[in-house]
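Please arrange chain B on chain A, whose structure you already have, making use of the hints.
One letter stands for each residue in the lines below.
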Amino acid sequence: MKINGNGNPWVISVFILVIFLGGWHVLTLGSSFEAKGKTEEQLQMMLFNGDIVRTKGGGYAWNPEKMKGVPGPFAVVEKARTELSEAFVIKGTNDHGIAYLVLYTVSRFAAGFLAASVVAILFGILLGLNRVLFRAFNPFIQILKPISPLAWMPLLLYTVKDPKWTAILVVFMASVWPTLATTAFGVSSLKKEFLHVAAILQLSWFKRLYRVILPGAAPTIVNGLRISFGSALVAVVPAEMLLGELGVGYLSWIEWNNLDIAGVIFAILVIGVVGVILDAGFNKLAGLVTYQE
Amino acid sequence: MSFLVVDHVSKFFPSHAGGGDVCIFKDVTLKVDKGEFVTVIGHSGCGKSTLLNIIAGLETLSEGGVILNGREVSGPGLDRMVVFQNFALMPWMTVFENIALAVRSAYPDWKKEQVVAHVHKYIALVGLKGAEDKRPIALSGGMKQRVGLARAFSIEPKVLLLDEPFAQIDALTRGVIQEELVQMWNATRNTVFMVTHDVDEAILLSDRIMLMTNGPSARVAEIVDVTIPRPRSRDTVIEHPHYYKIRNHVIHFLVRHAAHAAAVARGASDEFSEAAPLVVRF
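In order, the protein sequences belong to chains A and B. For reference, each letter of the first sequence is one residue, going 2 to 294 in the working numbering. For reference, each letter of the second sequence is one residue, going 684 to 965 in the working numbering.
If we strip away everything but chain A, and leave its shape as in the complex, we get:
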């Protein structure tokens, strides 16, 4: 086998996927029901309990409705098919179609992330421009930064008394620190010549901010936003689970409560897909504001 970096990565990706799905299928296949060695009475009992069902041929088989263990890929596909066909159906207060759940999660995520980004960038610029303020605030930032955003949840729930806002605030807490720290760093390490030019040209406070400081620090700020983005995405799922707020994270928990493992796997996949789409959108935006030197 030659290792030379040539060839098509897609082929390998498809190969990995096939191996994974095949392995998953085989490992979750389970043994077929063996009626031999069981008395008629035992079989009647299992039939009565719904553990087994009669097949067309007159034999017995495991009840597919009561499958034990992790479901195979076909079961998950089947689950996905039904969920997606009912994507826009609202069956009850806690049973909204998957499209709505995605919408709730994305808007919750967006609200927390955007609010945190605005606050962090503005405050970060202030700290980046003023060394004394930066050094005064830095100890507090250092203490607050490593706290898991979920640790705030009871306190937030107690103070705002509304799980809807608490979930958004948890996302806020998850995404405020990385952006704040990198913005302050990016602004403070901005080439001083840029600020000198701005000073000589007598740019107004506002023009200095949006023509020089923001675009100059943009690549660093975007790096911070990227980290914030990731941690906000991680935080939104458990926040929904713990607060019982409808969303894709909550879907995973609901399906667990229903003991519908195929549903849990489906929810996990939806979370992954939502993350990938949001991330791609973010990268598009990031490409617009970064520059090369």
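All clues stand as given, with none of them false.
Mimicking BS3-like on lysine-lysine, the simulated pairs with C-alpha atoms at most 25 Å apart in a straight line are:
no., chain 1, residue 1, chain 2, residue 2
1, A, Lys165, A, Lys92
2, B, Lys817, A, Lys285
3, B, Lys841, A, Lys208
4, B, Lys817, B, Lys794
5, A, Lys57, A, Lys37
6, A, Lys208, B, Lys817
7, A, Lys208, B, Lys794
These are calculated hints, taken from the structure and not from any lab test.
The following block gives chain B in isolation, referenced to the frame of chain A:
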């Protein structure tokens, strides 16, 4: 009264090692007439760039004052534009936008068409027609500094401050741009204060060359009149009988005399202390 007066200016920095402040340069006085091209040469660390930044208003002075056109300088302003050693072009802006930012600041009342025409005029003047929409990353060092010069000239400042403007440009390109600067200066007759390491550059461009001793406690020791008639160009200026006299004098100074401070510190008599700078004229 001269157009630009640097009056007994000293600069101290707090010492890193603790103790007293470190004196960068001391008691620097110079008078620049309107339309004059004055250059400062000295070894690294003599504070010549600091002096330029003080005139620009980007750094504070410790003693003395800077007076431009009868008014004391108290901060940066559009009347003193700097051409930076590392160009200081905004990398996220195109060539046009970089210059337009300056033009709009200098002439806030102008209409859009006026600004556009003005910017294009100066882009053409530095020979960058066709590069208007390029970003600095797509330009060579020489082209970047042409943009820097166009930006500085475009706002028609009272004083142009050139901070080792060609130090980061390769030697062949440097000569070409120096020539271009001579032509631009001939057309505008701006007042220019330049800082450089390059003796040939100083002779080609300047009316007077100020020689600074080494820091700390640097001072202006000599002022050399460049008695070579204008207009000058690179190939004719070296033919002039005074060219090598001036060049040799400056280099002798930089090699032999600039290091006086160390000798003074060891107890030798300070030949440049207190006395006004020696005026050298060939």
